[in-house]
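2 protein chains.
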Amino acid sequence: MADYTTFLTKEDFSGYEDPERYQKEWLPKVEAYRKALAKAIDPAYTVTVPKDIDTLVEEQFNAVDYLYKKKLLTPEEFAITDSSATSLAAKLSSGELKAVEVFKAFAKRAVIAHQFLNCAMELFTDEGLERAKFLDEYYAKNGKTIGPLHGIPISLKEQMAFRGKITHGGYVSKITNVTPEHGITTQILEDLGAVFYIRTSQPQTLMHLDSNNNFTGLTRNPYNMKLSSGGSSSGEGAVVAFGGSAIGIGSDIGGSIRAPSAYSGGVGLRPSTKRFSLYAGVSSGAGQESVPAVSGPMTRSVEDVDFLMNHYLNEGKPWVRDAYCLKMPWRKVEKPQPKDFTVAVMWDDEIVHPTPPITRGLKFVVEKLKAAGVKVVDFAPIRTQEAFDTVNKMYNCDGNYKQKELLSGSGEPLTKLTKWALNYGDGSKEYTVKENRKLNVIRDQLRYDYNKFMVDNNIDFLLTPTYSNVAPVSENVYGWSYTALFNILDFPALVFQTGLFQDPEVDKWNESFKDFKYRSELERLELEQYEPETFSGAPIGLQLVGKRYEDEEVVAAGKTIVDIIGADLFKH
Amino acid sequence: MADYTTFLTKEDFSGYEDPERYQKEWLPKVEAYRKALAKAIDPAYTVTVPKDIDTLVEEQFNAVDYLYKKKLLTPEEFAITDSSATSLAAKLSSGELKAVEVFKAFAKRAVIAHQFLNCAMELFTDEGLERAKFLDEYYAKNGKTIGPLHGIPISLKEQMAFRGKITHGGYVSKITNVTPEHGITTQILEDLGAVFYIRTSQPQTLMHLDSNNNFTGLTRNPYNMKLSSGGSSSGEGAVVAFGGSAIGIGSDIGGSIRAPSAYSGGVGLRPSTKRFSLYAGVSSGAGQESVPAVSGPMTRSVEDVDFLMNHYLNEGKPWVRDAYCLKMPWRKVEKPQPKDFTVAVMWDDEIVHPTPPITRGLKFVVEKLKAAGVKVVDFAPIRTQEAFDTVNKMYNCDGNYKQKELLSGSGEPLTKLTKWALNYGDGSKEYTVKENRKLNVIRDQLRYDYNKFMVDNNIDFLLTPTYSNVAPVSENVYGWSYTALFNILDFPALVFQTGLFQDPEVDKWNESFKDFKYRSELERLELEQYEPETFSGAPIGLQLVGKRYEDEEVVAAGKTIVDIIGADLFKH
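So the sequences go chain by chain: A and U. Under full-length UniProt numbering, read the first sequence as residues 1 to 572, first letter to last. Under full-length UniProt numbering, read the second sequence as residues 1 to 572, first letter to last.
No lab work stands behind these hints, which were simulated from the structure alone. Keep in mind that a hint or two might mislead.
Which copy is meant is left open, so a pair is good if it fits within one copy or across any two.
Lysine-lysine pairs mimicking DSSO-like chemistry, simulated, CA-CA at most 30 Å apart [claimed, not checked]:
| id | residue 1 | residue 2 |
| --- | --- | --- |
| 1 | 434 | 404 |
| 2 | 571 | 363 |
| 3 | 375 | 332 |
| 4 | 70 | 91 |
| 5 | 317 | 332 |
| 6 | 438 | 317 |
| 7 | 317 | 335 |
| 8 | 317 | 375 |
| 9 | 165 | 416 |
| 10 | 317 | 339 |
| 11 | 402 | 452 |
| 12 | 452 | 174 |
| 13 | 29 | 226 |
| 14 | 434 | 402 |
| 15 | 438 | 174 |
| 16 | 559 | 317 |
| 17 | 335 | 559 |
| 18 | 404 | 429 |
| 19 | 174 | 434 |
All chains should be modelled from the sequences, with the hints used to inform the complete structure.
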């Protein structure tokens, strides 16, 4: 396998780590944090893990299969946690379900998820239960729900400010940062009736499509514990796909909603920018607007993406409190008929060729779509390498100033993929404003050209891989060209599941691939990892992309496509 | 009077000007350009100017009064050109008016405007007439208009790319830049039926609230030719307020729609960003997104702002062709009742105190609003100095790289206010990305705080000066804190006329003002200029500001306010 360390020669990491200071000043705080997390696991919700975790990892344990086969929940708990948020909300509204019973079922499934997958950074099921009780009392007293999310258990990526709790964003230096108020999105969800009980893991720097951090380490994939749950919304990917929350809120600047959704077996939307409020939280991105981060929903159905976006935007109106957000309600867009839209397929972004399961997933979906009457054409990538180079420069063009400030604040050890991420673009070269503006001009022209291609050719959507592979082995994900392309373009992108899973017997390189010449060291690094046996059982998720601010159209078409392919993540 | 030159000590202008090269290589091109402009003045539309222009300037000639008193147009021409675009469109649609008769009336009034005010950079009334004829033929043949702007004469700021014509943006180095295609906004307006015939003046660099440039020199104020028409949409300000076009399209990054609208006696909207397409044209701003420029309408009525925004956005859909634009249709918002909204008044931004006519205008409007039942409160400025310092840094933080490139390309002489503008912020200090991001963080916090203030206090709108004074003497406008504040906040801002005009007998400094201590050299520079006699007859326009992306609400309330104060710019 190619050696990743050859890619880490440019950067000087001096001034980041300070082992002595970290051990003395910060590690005790981290240990206390870990203890608090362990202590917060309510035994009422736990199960017996069949073997020690290292063994399960080694055995590529499928925690989802185990959950169902061993019937770790009661039939009632399965019925609740395998319902869409949309249908739960209807039943909570009619009184058919109580918030407390819904909560307990999800809390149990979330704690089991955490036992296997290490997805939580903070658990507070006691507070969640109190909240659910309050909501039931409210309903009993008023004969109506408190809002459209009344009693819906929602998981939150840790970086989002939460009232009265630590918000560290994966940086040890922020371990004493107790945020006095909810962030605006959290407040809106609470105002609409959501129940909170888990804040989920993310990697150091938030810039890995993986999970490693000095608080809680790795988060594992629900379908194959040797693999990554993805990142940076690592814990959201795992807990949502495992069924431990009805809806999760992640964030995405290069693929951080989509990678964990695809890898872990879920659904996720990277909305167009400025529809979700990002105020307030911890990240390195303050003032960076060349490629802005977004928040968005992670679910087990496209219907629930629609449900969340609709209520969050139309009742939550984030623009009222956050002038950063666009006053852009969620439009009601009906599911299109198959004959009424055209999909262009990107089989290969010409940066990293997809592995066999991804190509199989694309072929499967394309065949189904064509059979259903959808017009499908091939898409010839437009300057993807330039886009990838440019977006990577945008991430780091402050010379890693903010990352360095946040990391060196504690002197914490840098993880492998942190070093990788600090090498993006031109590493710690500090750009001038002039140079940054030139990157923006490239971005704007790319955006114009992709849009023009779609408009001129009547292409409604692009269908692409989310990543060149299914879920990677933890700490071995280097490329994110398939997702970051749509961050730089700011096109809305929905990850959905094909319902297929990697199969080592089927997903071998085609015979002709032995003549394939790697087009870059990055491609070699990614593709030489692909040994079919390693990725056994990993979900095959894909990405559907629409025109900028046509989030609603993407979600509506996503529903049609999932109907066509017949993938239902609530059925096992 | 304070010496403006004391403010020009920081900057090194070497490398910009090259008199020898300019004289030899570029001046002949400029002279040919001027000749072409002079030749394009169709004698059929001209009038006899009563005295030479220098004398009229010296005499503070009121060209608007002269137009009416001397009846320079026929009653039919007055009736047409003193109609709103809204009503013209209805009459063109019903067949009551023909495009040719509408065009000829506006062409005549525009040419007269140019004779007095020097507002055109390019005239092509021959092409306009052909277009009007084509539209009449289309109507005769099809029994309907080609679109909602069928036959509406629209003037365009020169910097907007126009098919087959030079687009220079005020930079001599761009004098051979023939743009092959219309910009997207121009194309949309044409597709909707507009008639083009004049492209209007702008200052060198586009960064003055004034007009001086090496192509055509100064544009004059319609109401007092000694004064400036404003800038940078200088010619739009003059031609629209004079009645030479039904609607003008300007652009604004620091006040460039609002200053000329206010100074010249018109109405103008600086929309929130990304509603209008800016693709393509000439400016120094490519890739600069800390404080983005916007385009927007300049008119003689708030109704016509609504008319243009409605059709441009809802039928033009700029987001289809320009992925930079937001998919955000123009919402239909009814005029609010006076009792249904609250206005907070900024009597003084604490940077430059308003002069007597502006304070009188504010008092007049406040009294009228209160009498009508509008709730009016005082507004205590929030960190206006920080906002002003920050926005000024944002303009130049590429170290004036792009301006220098565009200016030194020809070595053209720098005008006084170009030197002033190149000194904004930290002048030619080239910021790093890190430093730029810090400015953005300040901006975002300001935006958050202003919005929060308005939301928490149920303030719907701010009423403020547009500038500390009425129209300034040409080349003597230094401060733009009142307008630039809403560029950095990205709040929509509508300039409207009070119907009042400066009166030297009335608009004297209050006796108490003699004790006023200037709070800065900028304030001294601005206020020491105020000799009442100089500004005789200048219109008193004000600014109404709403929350971000509540452009529709601002326009709707603007209609109510204009109804209350009874200012009708079509009546003389």
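Results for each hint:
no.	hint	in the structure
1	434 <-> 404	both (23 Å within a copy, 12 Å between copies)
2	571 <-> 363	within (23 Å within a copy, 69 Å between copies)
3	375 <-> 332	within (23 Å within a copy, 36 Å between copies)
4	70 <-> 91	within (27 Å within a copy, 77 Å between copies)
5	317 <-> 332	both (16 Å within a copy, 18 Å between copies)
6	438 <-> 317	between (34 Å within a copy, 28 Å between copies)
7	317 <-> 335	both (24 Å within a copy, 22 Å between copies)
8	317 <-> 375	between (36 Å within a copy, 25 Å between copies)
9	165 <-> 416	within (28 Å within a copy, 56 Å between copies)
10	317 <-> 339	between (34 Å within a copy, 25 Å between copies)
11	402 <-> 452	between (36 Å within a copy, 27 Å between copies)
12	452 <-> 174	between (44 Å within a copy, 27 Å between copies)
13	29 <-> 226	within (29 Å within a copy, 71 Å between copies)
14	434 <-> 402	both (20 Å within a copy, 8 Å between copies)
15	438 <-> 174	between (33 Å within a copy, 20 Å between copies)
16	559 <-> 317	both (24 Å within a copy, 26 Å between copies)
17	335 <-> 559	within (6 Å within a copy, 40 Å between copies)
18	404 <-> 429	both (13 Å within a copy, 25 Å between copies)
19	174 <-> 434	between (32 Å within a copy, 20 Å between copies)
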